Amino acid sequence: MAAATPKKIRMVAGLGNPGEEYKDTRHNAGFKAIDELARQAGVTYWKNQLGAEVATIQVHDPEAEGGRREVLLVKPQSFMNTSGGPISKLCTQNKITVEELLVIHDELDIPEGDVRVKVGGGHAGHNGLRSIIDKMGSRDFSRIRTGIGNPPGRMAVADFVLKQFRPKELEEFENTCARAADAAGLALTQGVVYARDHVNGGAASNGKH
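Using this note's numbering, you'd call the opening residue of the sequence shown number 672 and step up by one each time.
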């Protein structure tokens with residue numbers, strides 16, 4: 672199968688679960704990164720649309736009309752396992768292709784604190800990604816992978832990703848989510864491939880793989 676070729680990103684979707692009880696958990700890395708992107712862009716208004724919270728931002732794009740490109744920030748409110756429904760509906764409504772979609776999610780398979788950019792690929796057991804692949808009918812969207820590492824000891828994965836943080840852990844996690852937001856911002860302005868080469872290269876030079 673040929674590798675996906677990303678286009679200019681028109682939607683950034685962060686994965687998570689709605690509700691206060693899930694707010695400060697590893698599985699909500701995508702929501703936290705989206706909130707940081709929104710904060711940086713000065714977003715003051717979110718609307719509920721097709722099962723998601725949606726905000727619109729403008730990013731610098733010399734090739735776009737007026738030198739700005741409109742990008743949707745999306746937080747599906749349907750719970751992780753069915754994230755693909757709202758995302759696919761919003762893509763259809765806004766004529767956004769799978770190659771124009773960037774998804775921010777938590778990632779067990781890379782170390783805690785690491786952030787990586789990836790183009791296409793499988794779901795690696797992540798139910799949010801599985802749902803998006805199913806509903807979009809394609810794996811060719813780009814991803815910002817927010818490293819959470821593996822559960823300690825014999826802790827179940829579900830318990831690990833939904834466990835509330837202690838204050839110090841939460842601070843470190845929020846710093847990681849902020850780096851994920853920065854990586855997404857780079858993908859928006861410079862392109863996904865540029866972000867992948869610079870973010871992933873930086874992670875390698877930091878001794879994180």
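Derived by calculation from the structure, the hints in this document are not laboratory data.
Because the structure is a prediction, the values reported are computed rather than measured.
It is possible that part of the hints are untrue.
[Claimed, not checked] Here are the simulated lysine-lysine pairs, DSS-like style, with alpha carbons at most 25 Å apart:
id	residue 1	residue 2
1	K760	K806
2	K678	K766
3	K679	K766
Each hint, compared with the structure:
Distance restraint check for K760 and K806: the Cα-Cα separation of roughly 9 Å lies within the 25 Å cut-off, and the hinted pair is therefore satisfied. Restraint check for K678 and K766: the C-alpha separation of about 13 Å stays at or below 25 Å, so the hint holds. Between K679 and K766, the direct Cα distance comes to roughly 13 Å. Compliance with the 25 Å bound is thereby established for this hinted pair.
Against the hints set out earlier in the document, no violation occurs for any number.
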